[in-house]
Amino acid sequence: MSDNSEYAAKAQQTFSAERKEDIFVLILSAIAVVLVMTGVIDKDTFKSLFF
Amino acid sequence: MASGGIGVDYSLKGLPRMMPGLIVCFILGWLALQWDSSIHQWSGSFKEAGAILKDEKSGKPLLPYEAYKQEKNARYAEKREAYNAQLDAHEAERALASPADAKQLKAPDKPKKPHILQPADYAQLVEEQAIPGRLAFGKLMIELQLTYVAVLLLGGMLVRNTLGLPEILRAGTVAARPLIKPGIVILGAYYLWSNVLKVGVFGLIMVLVFVLGTAVLISLWARKAKVDDGLSGLMSAGVGVCGVSAAVAVAPVVNAKPRDFFYAIGTILLFGTLGLFTFPYIGQALGMSQPVFGAWVGTAVLNTAQLVAAASWYGHESLLTANIINIVRVSFIPLIVLWAIYFYVVKPAAAAGGSSEKIDPWQVIKDKFPIFILGFFVMVTLNELGVFTPDQRDILGKELLKIFFAVGFAGVGLNIAFDDLKKAGGTAFMIGFVAATLKAVLAAVAVIAIGTEFFSVH
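So the sequence lines, in the order shown, correspond to chains A and B.
Just so we're aligned, residue 4 is where the first sequence starts under the working numbering, counting upward by one.
Just so we're aligned, residue 693 is where the second sequence starts under the working numbering, counting upward by one.
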């Protein structure tokens, strides 16, 4: 039983890391949108990255 | 381990450990996108070169490069002028029509920019009177669907299982995989709520029938086959819904042991990896349209990263459909946890005449809901409100998305280790694998029967 409760705690910890990951994803997405809306990233940016 | 599911803690403290692997994934992502840009350029040039040679055979002389370029641009300018006139007429007609009739009026098609050969390719074409070899190579690569997605996944898997992955790169390559998720969020700029609801309704039916059906089928079958509750619970959640995310969510409920977790993940990974590399070719062989393929992988492939990769491999339209189905599917993680609570805790307790610990369903939903999909809904709403210009939509939903996906896919490819896949085994593996295969076959029949129109995102 101790194995199970340890593992349950670990799974809970992993899930909390997933929640933090989702928050990071939302922040990164918001930054991307702001950069596009303000014109810092425009339609030539992507092409300029490649030969 | 499977991608997009085990949670990466992006704290500043962990950043130095992640940096080397992240940098490698960025470099690999850039190289793959460069490859993608080149083969698309060459493939487009192949068609143009073929058209030039055909004209030449029917008596049209080959022009000097500058004259050829001018002629192409002049023809495009003419088409643009005609298009602008048609557009004005269309707008005038719309202004006079009733709102219902105005909706029925079809806008004229915008002319595509001409594909002009590069000077070196044109010179070679004129000299050899044949299509240059690299253009034919580009066309072949596109036909074989060896785009940036395939290069990153196949290349990464090859490197991981032959040369291995140095310890210093491990944390960073794992941290690169969730970078697929911001791509999923910003892709929301491409949808209107009407698209999301239309495809979402069919997605919901598919999810209810196939995804929940698989979870229930595995639970019942595994109990009959006397497989441990821990293992069968993880398998039903993982194979039914969303790979590792669902398995992690269900693990504490079913008292899973670490061994169960590895078995379940091994099975999920093995099926997902096989699906990822075979479904695009099966879809092509069955003549599936892009939206139909998107609906199929959205239902049948077992985790977010793998289904996003398979759909991107097939095409952008396929990705648009698969993304909605995936959003519906991952929203079901809390429901799967509730099912696991009922099947593995409440029902056995009631059968034994006792009572189980009281569970608050709302708390389960709140804890297990993947909140990143709220970002997707915000993006759809912003697009509905007309916040994005067409250019901004393309930058977000095509260009930036490719950068996020490329870095993420580099991480996915480098983390497909055959050693992890070997962890699948035993009766539970057989049950999980058969159920996943059955789901894939039945879902293919269903999406083909439902058809392109219901799954397409305009």
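I should point out that these hints are in silico values taken from the structure, not numbers from a laboratory.
Please note: incorrect hints may appear among the correct ones.
Unchecked claim - Simulated restraints on C-beta separations:
| # | chain 1 | residue 1 | chain 2 | residue 2 | range |
| --- | --- | --- | --- | --- | --- |
| 1 | A | 41 | B | 901 | 42 to 48 angstroms |
| 2 | B | 765 | A | 52 | 22 to 28 angstroms |
| 3 | B | 836 | A | 23 | 50 to 56 angstroms |
| 4 | B | 1055 | A | 54 | 49 to 55 angstroms |
To be verified - DSBU-like cross-link-like pairs, simulated, lysine-lysine; straight-line CA separation at most 35 angstroms:
| # | chain 1 | residue 1 | chain 2 | residue 2 |
| --- | --- | --- | --- | --- |
| 5 | B | 739 | B | 705 |
| 6 | A | 46 | B | 749 |
| 7 | B | 890 | A | 23 |
| 8 | B | 705 | B | 1090 |
| 9 | B | 746 | B | 761 |
| 10 | A | 46 | B | 1090 |
| 11 | A | 46 | B | 761 |
To be verified - Covered, in the sense of this in silico footprint (three residues per stretch, anywhere, with C-beta under 8 angstroms from a C-beta of chain A), are these stretches of chain B:
| # | region |
| --- | --- |
| 12 | 818-824 |
| 13 | 889-902 |
| 14 | 1058-1072 |
| 15 | 1137-1146 |
Computed from a prediction, not measured in an experiment: that's the story for all the values here.
Note that beta-carbon positions come from the ideal geometry of N, C-alpha and C, so glycine has one too.
Verification of the hints:
no. : hint                                   : verdict
1   : 41(A) with 901(B): 42 to 48 angstroms  : 44 angstroms, holds
2   : 765(B) with 52(A): 22 to 28 angstroms  : 26 angstroms, holds
3   : 836(B) with 23(A): 50 to 56 angstroms  : 40 angstroms, violated
4   : 1055(B) with 54(A): 49 to 55 angstroms : 53 angstroms, holds
5   : 739(B) with 705(B)                     : 52 angstroms, violated
6   : 46(A) with 749(B)                      : 39 angstroms, violated
7   : 890(B) with 23(A)                      : 31 angstroms, holds
8   : 705(B) with 1090(B)                    : 32 angstroms, holds
9   : 746(B) with 761(B)                     : 17 angstroms, holds
10  : 46(A) with 1090(B)                     : 11 angstroms, holds
11  : 46(A) with 761(B)                      : 23 angstroms, holds
12  : 818-824                                : violated (count 0)
13  : 889-902                                : violated (count 0)
14  : 1058-1072                              : holds (count 8)
15  : 1137-1146                              : violated (count 0)
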